[in-house]
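Peer 1: One letter stands for each residue in the lines below.
Protein chains: 2
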Amino acid sequence: MLSKAKIRLIQSLQYKKFRKAHALFVVEGLKSIQEFIHAGWEIDTLYTTEIAFAKLNKIPQNIKLSEVSELEIRKISFLQNPQGMLALIRIPETQNMVYENLRGRYSLALDRIQDPGNMGTIIRTAEWFGIQNIICSEDCVDIYNPKVVQASMGSLARINISYKDLLPFFEKIELPIYGALLDGESIYHTQFATEGIVLMGNEGNGIHDSLMNKIDYGVTIPNFGSAESLNVAVATTVFCSEIARKKING
Amino acid sequence: MLSKAKIRLIQSLQYKKFRKAHALFVVEGLKSIQEFIHAGWEIDTLYTTEIAFAKLNKIPQNIKLSEVSELEIRKISFLQNPQGMLALIRIPETQNMVYENLRGRYSLALDRIQDPGNMGTIIRTAEWFGIQNIICSEDCVDIYNPKVVQASMGSLARINISYKDLLPFFEKIELPIYGALLDGESIYHTQFATEGIVLMGNEGNGIHDSLMNKIDYGVTIPNFGSAESLNVAVATTVFCSEIARKKING
Numbered sequence: 001m002l003s004k005a006k007i008r009l010i011q012s013l014q015y016k017k018f019r020k021a022h023a024l025f026v027v028e029g030l031k032s033i034q035e036f037i038h039a040g041w042e043i044d045t046l047y048t049t050e051i052a053f054a055k056l057n058k059i060p061q062n063i064k065l066s067e068v069s070e071l072e073i074r075k076i077s078f079l080q081n082p083q084g085m086l087a088l089i090r091i092p093e094t095q096n097m098v099y100e101n102l103r104g105r106y107s108l109a110l111d112r113i114q115d116p117g118n119m120g121t122i123i124r125t126a127e128w129f130g131i132q133n134i135i136c137s138e139d140c141v142d143i144y145n146p147k148v149v150q151a152s153m154g155s156l157a158r159i160n161i162s163y164k165d166l167l168p169f170f171e172k173i174e175l176p177i178y179g180a181l182l183d184g185e186s187i188y189h190t191q192f193a194t195e196g197i198v199l200m201g202n203e204g205n206g207i208h209d210s211l212m213n214k215i216d217y218g219v220t221i222p223n224f225g226s227a228e229s230l231n232v233a234v235a236t237t238v239f240c241s242e243i244a245r246k247k248i249n250g
Numbered sequence: 251m252l253s254k255a256k257i258r259l260i261q262s263l264q265y266k267k268f269r270k271a272h273a274l275f276v277v278e279g280l281k282s283i284q285e286f287i288h289a290g291w292e293i294d295t296l297y298t299t300e301i302a303f304a305k306l307n308k309i310p311q312n313i314k315l316s317e318v319s320e321l322e323i324r325k326i327s328f329l330q331n332p333q334g335m336l337a338l339i340r341i342p343e344t345q346n347m348v349y350e351n352l353r354g355r356y357s358l359a360l361d362r363i364q365d366p367g368n369m370g371t372i373i374r375t376a377e378w379f380g381i382q383n384i385i386c387s388e389d390c391v392d393i394y395n396p397k398v399v400q401a402s403m404g405s406l407a408r409i410n411i412s413y414k415d416l417l418p419f420f421e422k423i424e425l426p427i428y429g430a431l432l433d434g435e436s437i438y439h440t441q442f443a444t445e446g447i448v449l450m451g452n453e454g455n456g457i458h459d460s461l462m463n464k465i466d467y468g469v470t471i472p473n474f475g476s477a478e479s480l481n482v483a484v485a486t487t488v489f490c491s492e493i494a495r496k497k498i499n500g
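Going down the list, the protein sequences come from chains Z and F. Following my numbering, the numbering of the first sequence begins with 1 at its first residue and continues without gaps. Following my numbering, the numbering of the second sequence begins with 251 at its first residue and continues without gaps.
Read the hints as simulated data drawn from the structure, not as lab findings. From a predicted model like this one, the values you see are computed outputs, not experimental measurements. Accuracy of the hints is not assured; some may be wrong.
To be verified - 25 Å max Cα-Cα, derived BS3-like pairs, lysine-lysine: (1) Z:K4 x Z:K20; (2) F:K397 x Z:K246; (3) Z:K247 x F:K496; (4) F:K497 x Z:K147; (5) Z:K55 x F:K497.
Modelling step: build the complete structure from the supplied sequences, incorporating the hints.
Peer 2: This is the structure we're talking about:
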């Protein structure tokens with residue numbers, strides 16, 4: 001039986017302000033929740049209906065379980081079709097970024113990505129293509145937004161993501177920066193180094209002016225038709241795919 | 251001044267049944283509407299606020315304009331942030347597909363794509379990469395769904411899209427069919443012919459069993475990480491990009 005106060009608390013976690021205040025966020029659905037458990041995240045409480053609980057494989061003994069009714073799960077779920085299981089998970093304290101971890105591989109830098117669906121899809125796609133680190137500008141959408149969590153399909157549990165002021169960050173790292181621009185060299189002709197940062201810009205406005213002179217290589221996805229632009233998660237996909245392909249094909 | 255009946259009619263167009271009955275669908279926003287006008291679609295009525303009207307460049311004389319208030323546009327808009335302009339556009343009669351148009355190029359076939367955001371993104375991405383034809387299974391989401399229209403960002407105005415029973419269609423066309431599978435050859439090693447069909451499957455279930463033996467080449471996007479799957483619009487992007495790249499790079 002959920003108290004009214006608890007229901008209000010969970011509902012409030014749709015807003016960043018309350019996620020920050022409570023250091024909690026919501027993950028829904030058996031599969032995603034298991035990925036966070038498996039990756040060692042601290043589960044505050046796991047709310048589950050009796051039916052969903054039966055589908056749950058062995059979970060760590062120390063996880064606090066709370067059985068709820070179908071009606072109750074509807075009250076706390078952010079989904080149109082609640083999945084019978086919802087976890088409150090602790091937001092970890094921000095770790096200092098270990099710059100050495102960016103060496104010898106590619107990472108993504110995201111400038112002011114606003115749409116949570118795009119952010120979640122970028123996280124999921126990055127993981128598929130073996131990218132382990134994403135650096136977000138401080139004004140990107142919050143990665144613990146329920147829609148980001150949903151679209152990332154569990155990949156959020158495994159990718160290192162940090163928020164940074166990108167300008168000093170770019171000044172500090174000594175890695176080539178490849179910026180997604182409209183007037184760069186064709187991505188299909190770009191020689192990607194063995195390590196680097198791919199910088200993607202805001203949905204409507206692209207990369208901020210202040211970052212432009214930090215870009216070592218402007219890279220463009222050639223346009224073969226009349227579409228005016230590509231969705232930013234789609235454009236990120238092309239970068240991830242090309243870099244992964246060149247690792248294989250040389 | 252909009253009548254209640256008119257408001258009800260427009261609101262009803264969020265449902266396929268009513269779009270079909272009236273042969274009308276809704277496009278919102280100056281930019282998208284202009285793309286449909288420019289591409290020669292039949293505009294039934296253009297509803298516009300005074301402010302939005304001022305931004306409108308010359309439009310064909312024969313378009314029926316209806317000035318509405320900000321309040322009225324809120325009532326008929328499907329968007330959270332209405333853009334001051336909404337057009338009812340006539341759904342064209344289904345044209346017989348000219349099979350010859352599929353020759354010498356790549357087209358997409360979509361099996362049971364359900365999510366309107368995915369469908370719209372696929373249409374937009376396909377156009378960017380020069381794909382002109384999309385064949386949807388009859389149980390794909392309706393392309394005139396407002397969320398598809400929105401996500402396609404105007405590309406819907408220019409791409410040929412038809413709904414077909416895919417099995418007889420595949421039996422009729424004499425083109426190689428490349429199916430997106432989990433256990434095919436790596437896309438980075440696939441030799442794509444100069445023409446063909448790329449077949450993408452449903453978000454959760456992939457390509458239907460009944461279509462499997464029509465696939466000439468099973469093609470896989472290699473997994474470089476631990477993510478379990480890719481979003482279908484993202485996977486389609488990798489196919490479009492690779493085929494376009496090979497056209498350039500050989």
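Peer 1: For the pair we were handed, Z:K247 and F:K496, check the Cα-Cα distance against 25 Å.
Peer 2: 17 Å, holds
Peer 1: Please verify whether Z:K55 and F:K497 have alpha carbons no more than 25 Å apart.
Peer 2: Roughly 48 Å between the alpha carbons, so the hint for Z:K55 and F:K497 is violated.
Peer 1: Holds or violated: F:K397 with Z:K246, Cα cutoff 25 Å?
Peer 2: Outside the cut-off at roughly 35 Å; violated.
Peer 1: Would the pair F:K497 and Z:K147 pass a check requiring their Cα atoms to be no farther apart than 25 Å?
Peer 2: 37 Å, violated
Peer 1: Keeping to a limit of 25 Å between CA atoms, is the pair of Z:K4 and Z:K20 held or broken?
Peer 2: 21 Å, holds
When the structure is compared with the earlier hints, violations turn up for hints 2, 4 and 5 and for no others.
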